[in-house]
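Novice: The primary structure of each chain is shown beneath.
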Amino acid sequence: MRSKFFDFITALNGPQTVGSSPLYWRSFAIVCALLLLYPIIGEDYAVSNNGFLMVWVFLGLSVCILWGYTGIFSFGQTAFFGLAGYVYGVVSINIPPEYSMLAAVCGIALIMLLSAIVGYVIFYGGISSLYIAIFTLMLTLLAETLLSRTSGPQFRIGSALLGGSNGMVGIPPLQIGSGDFAIVFVDKPFFWLVAALLILVFLGLRFLLNSNWGYLMVATREDPLRTQLFGYDIRRIQLMTYIIAGGIAALGGVLFASWNNFIAPSSMGMTAATLPIIWVAAGGRASIQAVTISTFTLQWINQQLAYGGGEYSLMFFAILLLCTVMLFPQGIVTTIEMALEEYLERRRVARLEKSPLLGGRL
Amino acid sequence: MLQMNDITSGYGRTKVLHNLSLSIPTGKVTAIVGRNGSGKTTLIRTIMGYNKLHSGTISIEGKSIERQVTAARARAGLGYVPQGRHIFPDLTVAENLEMGMNVSSDVPNRKLLMKEIHAMFPILDERRRQKGGTMSGGQQQMVAIGRALVGNPKLLLLDEPSEGIQPSIVGEIEQHIVRLRDRMGLTILVAEQDVTLIKTVADICHVLDMGRIIATLKREEFAGTDALEQHLAL
Amino acid sequence: MFGLFYQILATFSFLVLSTTGLAIIFGVMNIINFAHASFIMLGAVVTVYLVSAANLSVFLAIPLAALIAAAVGAFLEMTLIRRLYNRKLDCLLATWAINIIIVQAVFLWLGTSQPGIDQPFGSFTVGDAAYNYYELFLFGCAALVLVAVFLLFRFTRFGLNVRAAMQNRDMAEGLGTNTTAMYLKTFALGAGLAGLTGALYAPLMPVSPYFGDRFLWRAFTVLIVGGADPLIGPLMSSVALGSVYGGLTWLWDSVAGSIGILLITMIFIRVLPQGFTGLWDILRAKK
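Protein chains in written order, with my numbering: chain G, 15 to 376; chain E, 49 to 282; chain B, 182 to 468.
Warning: the hint list may mix true and false statements.
What the hints assert, rightly or not - Covered stretches of chain B (chain G as the covering partner; in silico rule of three or more C-beta atoms under 8 Å from a C-beta of chain G):
id	stretch
1	263-273
2	282-291
3	397-410
4	432-440
Hint data in this document are derived by calculation from the structure and do not stem from the laboratory.
For every residue, glycine included, the Cβ atom is placed at its ideal position computed from N, Cα and C.
If we strip away everything but chain G, and leave its shape as in the complex, we get (with noise of 0.2 Å):
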């Protein structure tokens, strides 16, 4: 049992993830102990609020998986949250509530779909990695200008409305079961149904990278020729990849019109799909765990500003862009993780040359 235990920790270990030592884990439980017990002691609104917040790493993980690990570079991402919420509040709206997770999985799946879809015109045509960037920048561009030209009562499905640019409203949340035993997903419930699906998406990505794939995610990041020399068809691992993100950012589309109960063209505009790149660059693109704090360091402080008269914000999350390429290419919180790890080896070493073991005094 205890190896089996350790088996699983070793899985999640890797080069392609920052932390591996057992005070890593141990903090790491922590975290996820003391992000569980969190909706426990605070307060509805706040709860409720970082919920939302935590859907947004759904959108970056999915952009720093293929861009950091990969070598993709996808405006596309923020068109498939987008649509994902659309896929979601189109079937939830025309069906009963408590099947709403069936909703859910259509989305997610629709999405997938997608993401095959349009992967494999962008893959197997060989499309080149500036090219890919404009291509699903355009894409992106296309999907909101069709939904904007929706309004008029006569773009429905069923009973859903699309609503053109001003968007789909009355989606419902999420929800299991029905009647007085129907758990609803709002506030607090809602909170620990994203906190469970983070956990479980960063360790999924840890388990994915660490393994066979992750080192063919990053060896057609690197060098794409060796790695076709090699044998390994990298369309396929590009496609792959490209359809796991897509099923990531779907998750949190979904989520997101869940919370909202409301999804618009405007998620999926030349700002939406701005801010994903901004996160990922920022906190550190072959990150995860520095894509998930950025993520939602950089939405809440995007809240805070959009109280204080929001017209400033968009100037901070360019400026921030700005500095780190300029001065942090390596992200912000990899930089700063970098310099971390440095400073703990160094202590680790000068303790050694302390230890008596290896001839030194305590």
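Given chain G's structure and the hints, the job is docking chains E and B onto it.
Specialist: Quick look at chains E and B alone, frame taken from chain G:
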């Protein structure tokens, strides 16, 4: 003419040349010979400024150039004929030559210089409108040398001029090098693997191995002997 | 029928003017300059203020605005852009950030809507529709820009240096060409052309900090469909996309035109990534 002192340079953090010192006398053909990987090309690229110095100094006629960028060094009098020639493929021969004029706007005897160059390489006039990329290796070599000469350089740097060129043309190139030294009094530095070429044209030869000069031979020591081959076999 | 012709002409001018600055920077330095939109906007904003506040003739304001945009571009190149030539994606992100910063700065300082200025020429009618002489003037400007760029690249020393550096920057350096100064001038030229575009279109459209956006993404489509050549690219691509957009707009509306352009661009990315430049190269090689 050119003095290199205690040069250490390479690529990034990898060092290729180690504490190398070299003096290139005016009006003579100096050769650097060595096997693949010995650092010949790195030496020339270091003189031109493509490889940054870790330490050491370089000066032309007493003026130090190690802090200058490549373009400034070219303007200081270095004529560069790189390994592989690097003719601008989509520019015509005439345009390639014109690029050589960027080095200085006033060359005192420009017309005379051009006459000499065209006389030496008639191909430059015959094919002036032909795109550089469509020419053979030997023809490109003529254009590359002509292009470097147009700027009236003090020192001509030839990096592996015989590489990828058919043997009959190599003989022509040997003739050109000798003529450049004798008729135009040009100082020339040649980095080569082809020992025969060196023995034909060089006045002084330095043997390079693993980034250090392991031997220096004067013409009377290597012409007609296999002293060079012996040093290279080490 | 004249309406269709006029629409295509107008679109062609718009696309050529929007794109040439961007295409020059992309063709020479191989970077995508997202700040292009802000240069266009600066050209428009400076023009409207010079005309309405300083009472300058619009024909004087336009070249002045272009010069100011060029100066801003030169400043940005010297301080930021030149460090990023080897990092293409970072350059894209940095110029994107700069774009937002400049736009937001103008927004915060000057507000949303800016003074409007009138078109200098009048209008004429064909059939029962009215058209502007100014659009014909713009066509003339577009043609002039293309000719000027051609002459610059083919017949000047600067143009020769640029073409050489595009093929082999290191060798150009080895022959004494100061490519750093050259890149500075090229970037300033691209910025200046963008500013010129903004200035030229200021009398036609309401000016706001977001003025440049509608030019930017269309310029990208022209760039992609056109390919890397700074002359052939915008020229052939503007003709093609101009016809598509003009036709679709005339048949339905401008949104249909926009969607048409987006789709064609996405097809080109997939099928003909080198754009018209690639097609042109293939045809030349076959000769």
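Novice: All hints are to be evaluated individually against the structure, with a verdict given for each.
Specialist: Hints versus structure:
1. Only residues whose beta carbon comes within less than 8 Å of a beta carbon in chain G count, and the stretch 263-273 of chain B has 7; three or more means the coverage holds.
2. With 5 residues having a beta carbon nearer than 8 Å to a beta carbon of chain G, the stretch 282-291 of chain B meets the requirement of three or more and the stated coverage holds.
3. Proximity of the stretch 397-410 of chain B to chain G, defined as three or more residues with a beta carbon under 8 Å from a beta carbon of that chain, is established by the 4 residues found.
4. Beta-carbon proximity to chain G at under 8 Å applies to 3 residues in the stretch 432-440 of chain B; the threshold of 3 is reached and the given coverage holds.
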